Amino acid sequence: MRWEAAPDLLSGDEPVALLGVRLETVADVRRLHETLLVPMLRAGVPVLVECDVTPDELDVARFVEPGFEHAHTLERLRWLVARATVGDPRFAGPTTIEPHRPLDPSQLAAARAPGGVVQVIAPAGSGKTTVLVERVRELLARGADPERVLCMTFNDPAAAELRTRLEAAGAGRVAARTFHSVGRRIIAAHGLLEGRELHHGWTVPQWARFARQAAAEVGGTVPEPAELPGLVSSIRLGELMSPQEWEDACPQDEHARVVARVYTLVEREKARGRLYDFDDMIVHAVRLLRAHREVRERWQGAFEHVLVDEYQDIEPAQELLVRMLAAPHDDLFVVGDEDQTLYGWRRASVRTMLDLERAFPALHRVALEFNYRCTPEVVRASAALIARNRKRFAKPIKPAPGREDGGARAIRIARYPESTPGAAPRLLARKLAAYGRGEIVVLGRTINALRPFALAAADAGVRISGPEELFESAGAQETLEAYFAVLAEPRAATEADVRVILRRPSRGFGLDAAARVVDALARGASLGRAVEQLPDEGWKVSRAGEQLGALVAARDAAAVIRRLRVDGLDRYFDEVARASARPDRDDRKVLDEAEQEARGQSVAEYAAVLDSRRLSLRRARDERGGIELTTVHRAKGRQWPRVVVVACDEGVLPHRNALNALADAVAAGEGVEAERRIAYVAFTRATEELSILHTEGRHSRFLHDAGLVAEPVPETAKPADPDPPSRAGFWEPPRLPSSTRATGERGTALESAAEALGDHAGTVGEFLDTVEALTENERARVLKAVGLGAEAAVPDLPPKTRRSLAATLRVMARR
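Residue numbers (my numbering): 108 to 922.
Errors might be hidden in some of the hints.
[Said to hold, decoys possible] Heads up, simulated SDA-like pairs for lysine to any residue below, C-alpha to C-alpha not over 20 Å straight-line:
hint: 1; residue 1: K377; residue 2: T310
hint: 2; residue 1: K538; residue 2: Y523
hint: 3; residue 1: K743; residue 2: S572
hint: 4; residue 1: K538; residue 2: A521
hint: 5; residue 1: K696; residue 2: G804
hint: 6; residue 1: K505; residue 2: R487
hint: 7; residue 1: K743; residue 2: E268
hint: 8; residue 1: K891; residue 2: D355
hint: 9; residue 1: K505; residue 2: E795
hint: 10; residue 1: K891; residue 2: G872
hint: 11; residue 1: K377; residue 2: Q320
hint: 12; residue 1: K891; residue 2: E172
hint: 13; residue 1: K891; residue 2: V901
hint: 14; residue 1: K696; residue 2: V683
hint: 15; residue 1: K696; residue 2: R670
hint: 16; residue 1: K696; residue 2: E576
hint: 17; residue 1: K538; residue 2: G568
hint: 18; residue 1: K538; residue 2: L562
hint: 19; residue 1: K743; residue 2: T794
hint: 20; residue 1: K891; residue 2: D903
hint: 21; residue 1: K377; residue 2: Q351
hint: 22; residue 1: K377; residue 2: L300
hint: 23; residue 1: K538; residue 2: D729
hint: 24; residue 1: K505; residue 2: A491
hint: 25; residue 1: K891; residue 2: D876
What the hints contain is simulated information worked out from the structure, not anything from laboratory work.
Bear in mind the structure is a predicted one, so any value in this text is a computation, not a measurement.
Produce the entire structure from the sequences given, and follow the hints as far as they go.
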C-alpha cells in the first residue's frame, strides 16, 4: 500500500490492517511510525501491521541516523509497538478542569490539545507563558506524575518566572529548568564534573592571547578576539565536534585554521585547570545521550512529558537534547513564534519552527490569535509588517477583544533632517528626563545607532543603562580610541592600546611586540620609530614603521582616519565582518562617520573628543536606576509602556549588511526577512506608546510595509527586491520552487540552490540535477564532501548534514 495515511483510515474505530510492510531503511521506519501508527493511535483506530520482520529483530546498526548517531526512530517505533495502545494516556482527550486564569478559545485549544507532539504558535503578547502553565495543569489533571514533567527554557530569569507561575497555579512540584541546568544534571550524574569548577568565560585579553598563540603556531593572521567566543561555540554547539575532529574536518583557509587552533588551545587550558563551561553542559550531555543507550534510557525514563518555551530560539545541539529526552514517548509541547526568530547568528533558524512537522508529521498545531500587550494600532501595523515575510505561518494576529484604540499617542513617527543629526538625540534626552526606569526604553538595531542618543542623554544629566559595548567600546570605535590616544600622548600609551594598533590591521608582530613599543614610546620615541626598533622582524618592521610614521605626520584627524583606512583598516573590518556570524557589524559606518566628523580637528582635539565621550558615558551609567537604551535583540521577551525605536532608517533597519551580501545574509538568517522580524519585535515591545524616529528621506521600508508612512522607500535606497507577501495557508509551510535553476551568474545560482535545499522533497541526486551551475565533477565532489549517496532523501537528512550540504554549495559559489 502507499505509505501516506489515507484520511478514510482515520475516520472511524474499525480496525485497520497494514499488509506487506517492509522495513529496510530509516525512511521506512519513520513513515510507519510517524505517518501511520501515531495518527491512528491518536484517532483511536486499532491497527494490525504485517511486517517481514518485527522491529525488535531489526539490526540496530543499519538504522543509525546521522545527528542522533543512534537508531533514534527505530527505538521510538519499538517503544510504540511494545507500550502504546488505543486509548494510550498520551492521546487522552481534554479534561474539564477550570483554568487558573481566563483563557481565550485559541489558548484553551492549545492547553487542552491531545497528547503527543504539540506545536503552539504564539505571536508577541499572546500569553504563551499562561498557555504553558495551563498545559502543565492539564497534564497533571490527566494523571501525569509531576516529577516526570519537565519545562525547559533559555535563561535563569525565564526559568525563575516560570517556576513562580507554576507555584501560583498549584503545580510547584513540576521542574522548570534551563537547557544548561538539564545538561549539567546529566553530565554530573555520570561523573563528568568530578573535581571540575565552573568557568564563566574568558576575558577579551585572554581570547586575544589564545588568538596570538594560535596565529603564531599555524602561521596565520590574528583573528578578532571579540569574535572568537561565538566562532568556537559555533563549532562546539553547531558541529558537536572535538578539537581534533574539527582540525581534521574544518575548511583549510587561513582564518579557519587559526580558529581551529584557538579551539584546541582553549580546551587544553580548560583540561589543565580542571574547568568546564556552559557550552560543556550541552555538548557533553548530547554526546552522552547519543553514544550510550543505558544513559539515554535512564533520562528518557525520568521525563515522560517535555515542554519547551521560546522554541524558535533553539539551536541544533539544544534541539537534539530536547528530541532525545522527549523520546521514545514523544510527548512534546513546544511554544514559540517563527516571527520572533532573531538569533540566526547564534545558530537559531526560522526553519526550526517551520520544519518541526517534517520531524513529527503527526504533530498537532495551534495558533494563538490575540496580542494582549499592544494597542490595536500597534497590533495592526506589526501584523501588516510581518505578513510581508514568506518564511512563516500565515496566521491571524488580532488586537485583544474589547481593547480600545490608543489614540494619537499609540504610534508616533518623527523624522529629523540629516543636516542636523544632533537635534533628535537632544530632543529625546529631554523626553527621557521626565521618566523613570521601567517607564520608557530606547531601542536600536545596533550599538552604533544607540550611541548618539546615549551621549545626548548623558550630556543632559540623564542616568542610563545598557549593553556593555555601549560603555566599553569595541570594534572600530575601540580602534579609533586606541590610535588617537597613542598619537595624542605617546609617552602615556598603554599596552592595551598599542596592541590594538599592532593588530588592527594585523601587522604580523610577535606576542611581546606591544610591550616593547610601549617601552620605547615612554622613552620618547615616536610611534613609527618605536615600531622600527622591534628586533628581527625584517620587512614587516620597515613597512609598519613607515605607515605609522605617516600617521604622526598627518595634517589633521580626518587625514589620520583616511590614511588608516587606505593602509588596511577597511580591509581588516571587511574580513572581520565576513568571519563574523553577526550580520549587524557597523565598523565601516563608524569609520565613515568618524572621518566626516573629524574634519578640521587636530589629532589632539579629536582624541579629547573621543576620550570625553567615553568618560561621559561611564559617568552616566546606572544599571540599577538608569533609563535603558538597548538593542532589539536584548529587548526580546520584555515590554515597556513607552518604546522609542531610533534610527529606523533604510540601511540601519534593515541593516545594510543584510541587504548587500546575499551569501552572508542567508547564512545569518534570511536577509531582509530576518531584519523584518527584528522590526516586528521592536514595535511589539510597547504596551501604550510607540515612537519611531528616522532620518528624513531615508525611512525604513518597514514603515511602509506596516502602513505607517505612505511613501515607499526611494528607488536609490533599494539594494534588494522586497519579499512578496506570504500566500501560504496556515496548515502548509511556505513553498519555494522545487527547481533551483537560475538564469543569473554561477555564484547566484549556487547561493539560490543552497537556500532552496530545505524545501526539496526528492533525493540528493535529484536536487543536484536541478542545479545547472554544477558540472558533473563538481556534483560528485559535493556528494563526497558531505559523505552522501545520491539516493539519500533530502527531507530525511539530519540538520547537521543539510547545513553541511548547503555550506558546500556556498563555498563553491564564492570561487
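For each hint, the structure was consulted:
1. K377 with T310: holds, 14 Å
2. K538 with Y523: Distance ~16 Å between K538 and Y523 Cα, so the pair holds.
3. K743 with S572: Given that 20 Å is the threshold and the Cα spacing comes to 17 Å, the pair holds.
4. K538 with A521: This hinted pair holds, its Cα atoms lying about 13 Å apart.
5. K696 with G804: holds, 19 Å
6. K505 with R487: holds, 7 Å
7. K743 with E268: holds, 15 Å
8. K891 with D355: holds, 16 Å
9. K505 with E795: Cα-Cα ~16 Å, so holds.
10. K891 with G872: holds, 12 Å
11. K377 with Q320: Distance of about 16 Å is within 20 Å: holds.
12. K891 with E172: holds, 18 Å
13. K891 with V901: holds, 16 Å
14. K696 with V683: Within the cut-off at roughly 14 Å; holds.
15. K696 with R670: Since the Cα atoms of K696 and R670 sit roughly 16 Å apart, the hinted pair holds (cutoff 20 Å).
16. K696 with E576: holds, 16 Å
17. K538 with G568: holds, 12 Å
18. K538 with L562: holds, 14 Å
19. K743 with T794: holds, 14 Å
20. K891 with D903: holds, 18 Å
21. K377 with Q351: holds, 15 Å
22. K377 with L300: holds, 12 Å
23. K538 with D729: holds, 18 Å
24. K505 with A491: With Cα atoms ~11 Å apart, K505 and A491 stay inside 20 Å; holds.
25. K891 with D876: holds, 16 Å
The earlier numbered hints are all upheld by this structure, with none contradicted.
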